[in-house]
Every structure is written in C-alpha cells, then in structure tokens.
Amino acid sequence: MPVHKVRPDISVLKDSLEVPGIGHLPVNSFVLLAAQPVVIDTGLGLPDRNFLEAVGSVLDPADVRWIWLTHPDRDHTGGIFDLLDAAPEARVVTTFLSAGLMSCERPLPLDRLYLLNPGQTLDVGDRTLTGFRPPLFDNPATVGLFDDRSGVCFSSDCFGGPMSSAELAHADDVAAVDVEELRAAQLLWATVDSPWVRNVDIEKFLGTFQTLLDREPELVLSTHLPPAHGITDSMIDTLGSAAGESAFVGPDQAALEQMLAGFEPAGEERRPAPGTPG
1 MPVHKVRPDI
11 SVLKDSLEVP
21 GIGHLPVNSF
31 VLLAAQPVVI
41 DTGLGLPDRN
51 FLEAVGSVLD
61 PADVRWIWLT
71 HPDRDHTGGI
81 FDLLDAAPEA
91 RVVTTFLSAG
101 LMSCERPLPL
111 DRLYLLNPGQ
121 TLDVGDRTLT
131 GFRPPLFDNP
141 ATVGLFDDRS
151 GVCFSSDCFG
161 GPMSSAELAH
171 ADDVAAVDVE
181 ELRAAQLLWA
191 TVDSPWVRNV
201 DIEKFLGTFQ
211 TLLDREPELV
221 LSTHLPPAHG
231 ITDSMIDTLG
241 SAAGESAFVG
251 PDQAALEQML
261 AGFEPAGEER
271 RPAPGTPG
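The numbering of the sequence shown is the UniProt record's numbering, which starts it at 1 and goes up by one.
Keep in mind that the hints were calculated from the coordinates and are not lab data.
Heads up, a few of these hints could be off.
Claimed, not checked - Pairwise CB distance ranges, derived in the manner of DEER restraints:
id : residue 1 : residue 2 : range
1  : 176       : 123       : 34 to 40 Å
2  : 233       : 21        : 29 to 35 Å
3  : 184       : 59        : 36 to 42 Å
4  : 21        : 244       : 18 to 24 Å
5  : 140       : 35        : 30 to 36 Å
6  : 251       : 140       : 24 to 30 Å
7  : 4         : 233       : 20 to 26 Å
8  : 244       : 57        : 40 to 46 Å
9  : 167       : 245       : 23 to 29 Å
Where a beta carbon is used, it is the ideal one built from N, C-alpha and C, also for glycine.
Start from the sequences and build out the full structure, keeping to the hints where you can.
Following this line, the structure appears as structure tokens:
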C-alpha cells in the first residue's frame, strides 16, 4: 500500500479496487499524527495487502490511541482487528449502530469502544475532532470528521468517484483528473453508493451541505477519492446536482454470462449456469 503525506501530520494509506463496469475505486485510510495518534478506517484487508505494515511506515502501531471507524462496511474494517492487537491502548471511535452491525460478523470488544454521534467531539490531546454526517452515505452508521486544528475534512464515502485507471486512483491529488471526468465520476458514485438520492427533497438535501459550507475545508480526504485540495465548493456543486439522478443499475445475469464467456480460453466449452437450458 503506497503512503502519501498530504500534511506533516496527515498521511494517506492508498489502495484501490477495480470494479468491472465502474472503474478503479480508491480505498483510502488515513493516519493523523495528533498528540494521541488516530487511524481513520482500516482498509480492505485483502490477503495481498499489509495494512499494519503501511501504518508502521508512519508510526509504531503500538502508539495508536484511537481508531476512528467512519462506518462498518468491509472496505473500512479490513485491518481493524490486527490493529487492535498491535495497538493495545487504542479505542475504536464509532457509533452504537456501527458496533451493533459489526457484531453480526465479529464483535468489537466493548471495553475498547468509544461511542460518538454526529455533532459530538473527541479531544486527542493537541486538537479536537468533530463528528458530522456527510451529505451522501451508504451506511446509516456513517460519521465523518473535521480536524479542528488543520481544518481538514475526512468525508468517508462522500465525494468519492471511481477513476479510469489504477494510476489515477492512487494519485497524490485529484487535480490529476480532468475536471469533467471528475464530475462524471462523482455523480456516478453518488448514484451507486447513495441510490436514495433519487428520492430526496432537493431543498432539504442541499441543506445537508451547510456544515461543509460553514467549515470551508481547504482539503477533503475521502475514502474513495484522491486528496482534494482547494475544490470543496465545486465538489459541493457537483454533489448538489445529484438530487433526482436515477439510481445506478448493475449488470444482470445475461451480462454476467457474457462477461464470463469472455474470460474463457478459446475452444473451451462452458458448463451452463444453473437454471438455464443446457
């Protein structure tokens, strides 16, 4: 996992996942070198990724004091238990709902939880972190955060967008992406990750951006986008226009059959899928 330092005290642990028909989706985690160090989300946890090694390139994992889990989707929790083992004094900052959802697979240790809701704050020694509900999200437990010292916004899935290549997904700055390509990617992601945006009341939806407008973060760090410097207003304009957009519809079985056929070596006969004529 490549590591990029966007600020002296903030590092991006970069990863990505190719999603057929969508693109190369960035999957970032972050390390905040506060007086009490914070890791924000813990990546995919796939066998060929070494999340702990990436954290260890920034600081000794044993020094981590807080693990801010923006929500319990699998692409945010991959390394959480390894990190809890390596950081015996760390506590997981998350919500009651998030902890409950994780208990369906592998429960988080209750004595290492710190429950925090949108609008509440966490003192990490040299700064305060403030939780907020991003305007777009795919999980009701989502809580992003503002670093009140640096002004940086960690937006979880919000502002994400699949890139056209792995190189762009791992870019140090989203400025590497063409402006129109970025807009299209973010609108696509809005309809994939937050399909409910089709049914929102536009006035109420636009009101959910007010916290971001008030804070005016110069740097937005999204799980699913390269670091975005100085373009917060334009990204808000893009996502604001997502209201009423049709939800993404993925490939159906016929498309899957065609896709699988394309993967087969020439001349090899494929066994018919269950339920289809032989």
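We went through each hint and held it up to the structure:
1. The given range of 34 to 40 Å is respected by residue 176 and residue 123, whose C-beta atoms sit roughly 36 Å from each other.
2. Residue 233 and residue 21 have their C-beta atoms about 31 Å apart, which keeps the hinted 29 to 35 Å range intact.
3. Separation of residue 184 from residue 59 is about 37 Å and conforms to the stated range, judged on CB atoms against 36 to 42 Å.
4. Checked against the hint of 18 to 24 Å, the pair residue 21 and residue 244 passes, with Cβ atoms roughly 23 Å apart.
5. At about 32 Å, the beta-carbon gap between residue 140 and residue 35 stays in the expected band of 30 to 36 Å.
6. Residue 251 and residue 140 have their C-beta atoms about 27 Å apart, which keeps the hinted 24 to 30 Å range intact.
7. The hint said 20 to 26 Å for the Cβ distance between residue 4 and residue 233, and at roughly 24 Å that hint holds.
8. For the hinted restraint 40 to 46 Å between residue 244 and residue 57, the CB-CB distance of approximately 44 Å keeps it satisfied.
9. Separation of residue 167 from residue 245 is about 28 Å and conforms to the stated range, judged on CB atoms against 23 to 29 Å.
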